[in-house]
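Trainee: Taken in order, these protein sequences are the chains called A and B. Quick note on my numbering: the first sequence kicks off at 27 and runs consecutively. Quick note on my numbering: the second sequence kicks off at 27 and runs consecutively.
Honestly, the hints are just simulated from the structure, not real lab data. Incorrect hints may have been included.
Because identical chains share one entry, a pair is satisfied inside a single copy or across any pair of copies.
Said to hold, decoys possible - With a Cα cut of at most 27 Å, we get these calculated DSS-like pairs of lysine-lysine: (1) 368 x 426; (2) 388 x 214; (3) 188 x 224; (4) 188 x 368; (5) 388 x 275; (6) 368 x 425; (7) 275 x 424; (8) 214 x 224.
Number of protein chains: 2
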Amino acid sequence: MKTRRAFLQSLAAAPVLGGACVARPSASVGVRPAPIGTGTPRHIIHLVADGMSSGILTCANHYSRLTRHRPLTWFELTRRPELRMAFMDVRSQSSWVTDSSASSSAWGSGVRIPNGKVNQTSSGGKLVTLYEVLGAAGWQRGLVTTTEVTHATPAGFAACVKSRADGEDIALQYLERRVDVMLGGGRKHFAKESRRDKRDLRGDFRSRGYAVMDTPGDLASAPFDAPWLGIFAGGHLPYVIDQFGGISKVETVPQLAAMTRAALRRLGQAERFVLQVEGGRVDMGCHNDDAAAAIREMIAFDEAIDVCLGFQREHPDTLLVITTDHATGNPGLNGIGDNYEKSNQAFRNLLSIRQSIPELGKRLVLAEDAGQFAARLFESTGYMIAPRRRELVEPFLKKKGYALFDGLNSDVGAMGQVLANHTGISFTSTQHTSDHVPLLALGPGADAFSGFIENTEVFERYVGFAGVRFRNPQESLVAGVDPEPGSAENVAEYLLG
Amino acid sequence: MKTRRAFLQSLAAAPVLGGACVARPSASVGVRPAPIGTGTPRHIIHLVADGMSSGILTCANHYSRLTRHRPLTWFELTRRPELRMAFMDVRSQSSWVTDSSASSSAWGSGVRIPNGKVNQTSSGGKLVTLYEVLGAAGWQRGLVTTTEVTHATPAGFAACVKSRADGEDIALQYLERRVDVMLGGGRKHFAKESRRDKRDLRGDFRSRGYAVMDTPGDLASAPFDAPWLGIFAGGHLPYVIDQFGGISKVETVPQLAAMTRAALRRLGQAERFVLQVEGGRVDMGCHNDDAAAAIREMIAFDEAIDVCLGFQREHPDTLLVITTDHATGNPGLNGIGDNYEKSNQAFRNLLSIRQSIPELGKRLVLAEDAGQFAARLFESTGYMIAPRRRELVEPFLKKKGYALFDGLNSDVGAMGQVLANHTGISFTSTQHTSDHVPLLALGPGADAFSGFIENTEVFERYVGFAGVRFRNPQESLVAGVDPEPGSAENVAEYLLG
Chain A
27 MKTRRAFLQS LAAAPVLGGA CVARPSASVG VRPAPIGTGT PRHIIHLVAD
77 GMSSGILTCA NHYSRLTRHR PLTWFELTRR PELRMAFMDV RSQSSWVTDS
127 SASSSAWGSG VRIPNGKVNQ TSSGGKLVTL YEVLGAAGWQ RGLVTTTEVT
177 HATPAGFAAC VKSRADGEDI ALQYLERRVD VMLGGGRKHF AKESRRDKRD
227 LRGDFRSRGY AVMDTPGDLA SAPFDAPWLG IFAGGHLPYV IDQFGGISKV
277 ETVPQLAAMT RAALRRLGQA ERFVLQVEGG RVDMGCHNDD AAAAIREMIA
327 FDEAIDVCLG FQREHPDTLL VITTDHATGN PGLNGIGDNY EKSNQAFRNL
377 LSIRQSIPEL GKRLVLAEDA GQFAARLFES TGYMIAPRRR ELVEPFLKKK
427 GYALFDGLNS DVGAMGQVLA NHTGISFTST QHTSDHVPLL ALGPGADAFS
477 GFIENTEVFE RYVGFAGVRF RNPQESLVAG VDPEPGSAEN VAEYLLG
Chain B
27 MKTRRAFLQS LAAAPVLGGA CVARPSASVG VRPAPIGTGT PRHIIHLVAD
77 GMSSGILTCA NHYSRLTRHR PLTWFELTRR PELRMAFMDV RSQSSWVTDS
127 SASSSAWGSG VRIPNGKVNQ TSSGGKLVTL YEVLGAAGWQ RGLVTTTEVT
177 HATPAGFAAC VKSRADGEDI ALQYLERRVD VMLGGGRKHF AKESRRDKRD
227 LRGDFRSRGY AVMDTPGDLA SAPFDAPWLG IFAGGHLPYV IDQFGGISKV
277 ETVPQLAAMT RAALRRLGQA ERFVLQVEGG RVDMGCHNDD AAAAIREMIA
327 FDEAIDVCLG FQREHPDTLL VITTDHATGN PGLNGIGDNY EKSNQAFRNL
377 LSIRQSIPEL GKRLVLAEDA GQFAARLFES TGYMIAPRRR ELVEPFLKKK
427 GYALFDGLNS DVGAMGQVLA NHTGISFTST QHTSDHVPLL ALGPGADAFS
477 GFIENTEVFE RYVGFAGVRF RNPQESLVAG VDPEPGSAEN VAEYLLG
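Using the sequences plus the hints, can you model the full thing?
Mentor: Below, the structure is given as structure tokens:
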């Protein structure tokens, strides 16, 4: 095994090759021990509510006031005078609308890359990741998420693959790069039964000294002197609403706050660590135009913030950065009724929704007739649908709908629009948007996150806090093709018409 | 005419009556000369981009980079270390989704009132407005807007009426309360030909010493020793896109930046002033799900910020507060195409749109057949619509469409969704949303606008800067009705179905 110094020296000498393991840094590299003082963090916790549009943040605040009788911690934090606040441009190299892998890779390597890749440039150049640099500098590194632990956002801190879809290779890289703590879902990427290479990766982790966990009980009794691999579901962890909604029969797994607390207890043993905590299913709820599911994921994320604040109180040399990788679907509680006086009441209907849209959809497509369809919808959501509206949505559930805007041309998009009559909350589409996103920072180093920042600056700051000078080679942004004279959905059809 | 001292003393003695002109303040009232130093502004400029969702701000930034080759001033400002940034809860008394009159009234009286009213409580109690208090304290007061100058947002600083629709009474109150500078649209509320009471309000303004202006030329030569009434259109000023788009035949009027520059030259003669500058048609563009129109209004608003920054450089005792009264339709540039790689190209199609949706709609409804419909749409927007999509939108243009979500049940909502295939930008609805909104503050007093604020605090701060202690009686927020067992669009129909 290379020593840290040898690894960092190797960065300076590595050739630039498309297939090279490590790209040549553009600046000189060296280790300078980080000064441990008020100004420089020894612990970095990077919290990501994936796909958090401005509107879902506000709606979660309404929900928190309604059910927890207090605002979100996110907004309580903004009242602290020592808090720093910024907006961040999260664009990728290939589009003003980023995906999660390019967005996390910008934090994880300081380079904007095309959507779909993880820390690889458009030409296949492999970038050195944050977790390699900080690992070489002696920092422990953790990943906690409600998605598969190999999903785009966690992967962006530690892995380098051509396609974000390659969860199996990402899992292998976590082993090779020896990430210290991984908690989340995605067992299929580790188990020999489901891996294409039939490799027993869980066994390999175990033989390298990892505590491999499968259940909440395992997590509760995990040893503090070993690295951790805790995988609690085959794929993503189930939505909070399906775990506690009372209709779907899904596994109950450790919640984000509990995983975060455990990870901090474990990593808190180390002199220096960096931890990414992802509320990953906020984004998935918003991709489904599913306000009820997404808002509950936001609350779970807020509980994880509370855990981190508790840790920071006991360890003041901890920097918290709380943000999102992009907005998704830009939901909003709309004005409903005369003078918008029915909006609050509509919002309260969220309380009667007891399933995520995917779980609800499974039951709706099996309904034998219109009456059963409406009854099941009512049972799961409290929404009584009129026959005329049901006739509008049914083609979409049969994958035969055709929307005015293609971005809503899906079963979930259509269901989201129908349920907006119930909750008041609708979405622009089922896709990400290009919105600049908010960022909060608290603790030593927070001053570096003020005003307006580029997502690539996050990498620079974190590496700087470790006293390392390192920069990956930068890519050019795609300026965008020249505007065409006009977009055409079907010119031939138009000319005939 | 009352002296200032007499007016402010009268506040303390006024009875609380539903119909009373002035409500009893809840705290003692007195004039204390404002200390003129670095800490307290002598000039306050309150800039409002009406209906500015987070997403329209980002889209305007894309547009600015594309056409002006620089970011919005809004975002450039966030990089200044002395800038203060906050989120603001803009809810009204009656709904988490405010309208412009309740929102502006919260700034203008420090009280959350029901949507639809201007500085009147739910029981009809009349509130003392910011411009009365500051006028009594010797401050000059201005209103500049691209809407009718009697519209909700300007009115919220100066008027007190039961319904925001009563522009004629608002115009009268501006005369009685002697607002020093008014620039915008809304001639119909001032002219004897169109007023219900046949009163020649323009003549009344003139006889009270006002310079009454109708044209850009009048504005250029306006005297600095008189108060100003400059009204440049019958209703709202035309959309920028229709003035400069080249298809609609609309009047060219003074732009927001030009009106702001003129107002500041005039008010800058005074020792102390407060000026509200409203980019009022951002909201109207978003109500029409009209990204092309709204973004150009955002650029015009940004140019007005530049003018104010120039004034502030020469007058460092100026506080700038830049914000919005609420979000509208939460637009976003959506991910389009594989890996979202067509989003940038879609956005560039905005450049080919040369009319607002209302102007376009006038031409489309007169189209004689499908071919002419498609040809006119193409001419105005560069968008070639497929016959199948045209068949989907036509019922909405004939007011016979029926959408999955009622919030998009309109001709403009449907047109907005269709054009989203062209531009990538769609909206959640044609209504306001409940989003907490961003606020920037720069200059003396900016520290009072940090972190998270309630909209009512704006009044308290501004009055405080004038050294006046005054507070209107507060209203209780509507907690919201109990959740019903389920919302029903048509229960009888459902039971039959």
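Trainee: Now look at each hint and say whether the structure bears it out.
Mentor: Comparing the hints with the structure gives:
1. Taking the shortest Cα distances, residue 368 and residue 426 sit within 27 Å of each other only across copies (24 Å), while inside one copy they are farther apart (33 Å).
2. Taking identical chains as interchangeable, the C-alpha atoms of residue 388 and residue 214 lie at most 27 Å apart only when both belong to the same chain, with a minimum of 22 Å there against 57 Å between chains.
3. In this assembly of identical chains, residue 188 and residue 224 lie within 27 Å of each other by CA distance solely inside one copy; the values are 21 Å within and 74 Å between copies.
4. In this homomeric assembly, residue 188 and residue 368 come within 27 Å of each other (Cα to Cα) only across copies, at 21 Å, whereas the closest approach inside a single copy is 49 Å.
5. With identical chains, the CA atoms of residue 388 and residue 275 are at most 27 Å apart within one copy only, with a shortest distance of 12 Å there and 54 Å across copies.
6. Proximity of residue 368 and residue 425 under a CA criterion of 27 Å is satisfied inter-copy only: 24 Å between copies versus 32 Å inside one chain copy.
7. Proximity of residue 275 to residue 424 under the C-alpha cut-off of 27 Å is restricted to the intra-copy arrangement: shortest distance 24 Å within a copy versus 46 Å between copies.
8. Taking the shortest Cα distances, residue 214 and residue 224 sit within 27 Å of each other inside one copy (11 Å), while across copies they are farther apart (78 Å).
Hint check: no violations occur; every hint is consistent with the structure.
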